[in-house]
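Asker: Residues per chain, in single letters:
Number of protein chains: 2
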Amino acid sequence: MSISAKYFPDEPTAPKVVTTEFPGSVSVKAQKDLAKVFDARAAYFVADYEKSIGNYLVDVDGNVFLDVYAQIASIPLGYNNPALIEAAKSDKMTRAIVDRPALGNFPGKDSAEIIADVLKVAPKGQDKLWSGLSGADANELAFKATFMWYQAQKRGYTKAFSEEENISVMKNQAPGSPELAILSFERAFHGRLFASGSTTCSKPIHKLDLPSFKWPKAQFPSYKYPLDKHEAENAEEDKRCLAIVENLFQTWSVPIAGLLVEPIQSEGGDNHASQEFLQGLRDISLKHGALFIVDEVQTGVGATGKLWGYEHFDINPLPDIVTFSKKFQSAGYFFHDPEIVPNVAYRQFNTWCGDPARMILAGAIGKEVLKHDLPALTAKVGAYLYSKLEALQAKYPKYIQDLRGKDRGTFIAWSLEDGAARNKFLSDMKTVGVNIGGCAEESVRLRPTLVFEEKHADILVAAIEKVLSGY
Amino acid sequence: MSISAKYFPDEPTAPKVVTTEFPGSVSVKAQKDLAKVFDARAAYFVADYEKSIGNYLVDVDGNVFLDVYAQIASIPLGYNNPALIEAAKSDKMTRAIVDRPALGNFPGKDSAEIIADVLKVAPKGQDKLWSGLSGADANELAFKATFMWYQAQKRGYTKAFSEEENISVMKNQAPGSPELAILSFERAFHGRLFASGSTTCSKPIHKLDLPSFKWPKAQFPSYKYPLDKHEAENAEEDKRCLAIVENLFQTWSVPIAGLLVEPIQSEGGDNHASQEFLQGLRDISLKHGALFIVDEVQTGVGATGKLWGYEHFDINPLPDIVTFSKKFQSAGYFFHDPEIVPNVAYRQFNTWCGDPARMILAGAIGKEVLKHDLPALTAKVGAYLYSKLEALQAKYPKYIQDLRGKDRGTFIAWSLEDGAARNKFLSDMKTVGVNIGGCAEESVRLRPTLVFEEKHADILVAAIEKVLSGY
Chain A
1 MSISAKYFPD EPTAPKVVTT EFPGSVSVKA QKDLAKVFDA RAAYFVADYE
51 KSIGNYLVDV DGNVFLDVYA QIASIPLGYN NPALIEAAKS DKMTRAIVDR
101 PALGNFPGKD SAEIIADVLK VAPKGQDKLW SGLSGADANE LAFKATFMWY
151 QAQKRGYTKA FSEEENISVM KNQAPGSPEL AILSFERAFH GRLFASGSTT
201 CSKPIHKLDL PSFKWPKAQF PSYKYPLDKH EAENAEEDKR CLAIVENLFQ
251 TWSVPIAGLL VEPIQSEGGD NHASQEFLQG LRDISLKHGA LFIVDEVQTG
301 VGATGKLWGY EHFDINPLPD IVTFSKKFQS AGYFFHDPEI VPNVAYRQFN
351 TWCGDPARMI LAGAIGKEVL KHDLPALTAK VGAYLYSKLE ALQAKYPKYI
401 QDLRGKDRGT FIAWSLEDGA ARNKFLSDMK TVGVNIGGCA EESVRLRPTL
451 VFEEKHADIL VAAIEKVLSG Y
Chain B
1 MSISAKYFPD EPTAPKVVTT EFPGSVSVKA QKDLAKVFDA RAAYFVADYE
51 KSIGNYLVDV DGNVFLDVYA QIASIPLGYN NPALIEAAKS DKMTRAIVDR
101 PALGNFPGKD SAEIIADVLK VAPKGQDKLW SGLSGADANE LAFKATFMWY
151 QAQKRGYTKA FSEEENISVM KNQAPGSPEL AILSFERAFH GRLFASGSTT
201 CSKPIHKLDL PSFKWPKAQF PSYKYPLDKH EAENAEEDKR CLAIVENLFQ
251 TWSVPIAGLL VEPIQSEGGD NHASQEFLQG LRDISLKHGA LFIVDEVQTG
301 VGATGKLWGY EHFDINPLPD IVTFSKKFQS AGYFFHDPEI VPNVAYRQFN
351 TWCGDPARMI LAGAIGKEVL KHDLPALTAK VGAYLYSKLE ALQAKYPKYI
401 QDLRGKDRGT FIAWSLEDGA ARNKFLSDMK TVGVNIGGCA EESVRLRPTL
451 VFEEKHADIL VAAIEKVLSG Y
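Going line by line, the protein sequences match chains A and B.
Under this note's numbering, the first sequence has 241 at position 241, and the numbering climbs by one with no breaks.
Under this note's numbering, the second sequence has 344 at position 344, and the numbering climbs by one with no breaks.
In short, the hints are calculated from the structure, not lab data.
Hints are not guaranteed to be accurate.
If several chains are the same, the list does not tell them apart, and a pair holds so long as it fits within one copy or across any two.
Claimed, not checked - The list that follows gives simulated cross-link-like pairs (lysine-lysine, DSBU-like), each with its CA atoms no further than 30 angstroms apart:
#1 Lys109 - Lys32
#2 Lys36 - Lys395
#3 Lys92 - Lys367
#4 Lys380 - Lys159
#5 Lys29 - Lys367
#6 Lys367 - Lys398
#7 Lys154 - Lys6
#8 Lys203 - Lys171
#9 Lys406 - Lys371
#10 Lys214 - Lys367
As the structure is a computational prediction, the values presented were derived from the model and not from experiment.
Put together the whole structure using the sequences plus the hints.
Answerer: Right under this line is the structure:
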């Protein structure tokens, strides 16, 4: 029995479209009610999570969408997954919700086990974690660890802070508050708080009017597709971009303490990195004594056909920090070097230090992911889907350009000729019962759950063809 | 029947101390296990939340502590409160946990109701909210709203962004990423991320080695206690500090978009603000076209004897933004001006836009707080406790200095002569069965739950006297 059939005996066998407008009239009314108390302008429709199941998201009008967007790439095992419902109804979860601890000061008797369960899904060799609350938070906590580590390398890990550092930091001045930078890339997305926002560089709307740290942006490779027909050019592109990174390390006005990269730039257009590029970054970070931070907020937990996106590559030595959120439903960073734990307590600290309730859920997700080897499933289903999309690409080359994600599970994307064409396509897909998302200005990204199977892929491909055949 | 007796028929009637060392041997072993996967150096002991009940926190050694610290001021209604357990076990909560929505894009059919329930506890006149995940996050989201509002005042709320803004922001440069500041105070605590950390100014350990925004810090009044014997001096202190704020607005190198203040600086030593000071700040913010942001992360939700700390004062016009977290178990900010919603969608936005699971809990907390008028209870119990502490102060003036929090519910604090004496006192309180916390270097802060009653106050006062009588 397939995993989705096992989890969801009542999963619909096909989408059902009952309205002619999207959102439908019931949703429009519900959005108006919501708008009285909340900024609901970005809502596509109002969902009925009670009726949603597996890979199908139901709206309040009764439309049943095959969902290949999955709450912006963050539903791991389908809606109302019974294994997660069991975890959510457990006494352990109830206590984590009603007796939320200040985890750093008053951990509970089950805290070590809860955290160890999360670590069972960590990338190989990354045996420690620090917990946070969202992808942006995870990245900023990683930045904090990075800056503390960087200064500890200069100062000596165990050396006490100087009087001058203690005084100047209270004025937000050096040496206590040093000028240091995180290097990231054009088209990157790492979150929307102030430091994470300073590393994000995909769309102006994310950060207009916000003050920022003046941190450097390198260029991320833009490969020619299909990759196997442009190997030489793409190798040149890697070299060009690595030279930019090296140059920034040598010339930037303040020291660069960390190098931050997504293995696949996700919000920024599903721009994939190569083995050579990622290893090149690792080498540069080592050469300059900076930490190598891999942002796996979107690529983590199985969708690419590996548990973690960077595990498609042989990166030596291992990345120093790997951040997570989204599909794990819990956020934070993994690491292995004991010196990434700051030298004294209360430096990487806050009231809650994460959320054990969300960590319990992450442990339950991880258990299912490992038990059913879901990365193997996404690899298999992704290969099947990719080949179908390649065939569609041959038929509709104008609407499926630069197909990306071969051998990357269901983490697949393609481009249309411009933003208007892309937006029309996303919108038209609703008329055939598919909820699908975009990235960058002109790309479509597939982000189904980890229990998206060949039967769902068939429905998706048929729906795409139905839309494209009408163009 | 008292509210604690109603919620907790099995609540202990007194602390029980079973170890001679703190942490006890079972806790020490559990901390060692935890340390393999997590930075556990700040742990006081390992708690047994299953056995904890009401105002009593139990550790894994079997010590039963009367808890007047309550997870750094964040347990609202006592451990294992039955009303919250009911909310945690509801189907609505289960769905919020397993089907966590991207709330901005795909709100659920119950989202409007969930948010409206949270708003029932909002400060009067603040009828909208934006949701986040922690106190630091709440403040930074408020900063984002503030900067967007400030620029909209200059640009025109509905005016489109210029090409120059759209291009420069991607380079983290003005005009798209303008140089703007938030003004905060010395001894303030607003969180530990990079922007919130830039406004925090209570202890070096919070921010050493972290880059920061160069934002101005004014001085917060240091009053002489008891207040009623130093009215003239304290009025002068208000004037002195307000003049500093006014001067910073006039002279700071970049425009100040927001003025951020805690009604009682909590981490920074329980430094109270007066009516005159807060109204003075409100006036200055209006005069200079900045938003007035009140950080109620620690003072909010009833502990001060009012629902919100600033409601002790008559501030006109109302604060623009009020941030919350901790006792509400959900985080974000309240506001009332429609123009604090940015002009277009996707500006104040992120994947999750808060956590409906935590909002459901906040709604349940709010319902109990209103139903049982818990601010009235904390006012009554606080007055009772304060008078007992005043009597102790007369007896042990060296160990209870500058008693603070008269008419502020159970939000009470005092100072000892130095950090060593304070730390010894906190530690000694464990030997008599009380878990109690400090703030600043030399202060003790009381942060019991909202269901801390006179009977608990009697136990606390007797325990304090027992410790002090041995000095």
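Asker: Which of the numbered hints are not met once you compare them with the structure shown?
Answerer: 2, 4, 6, 7, 10
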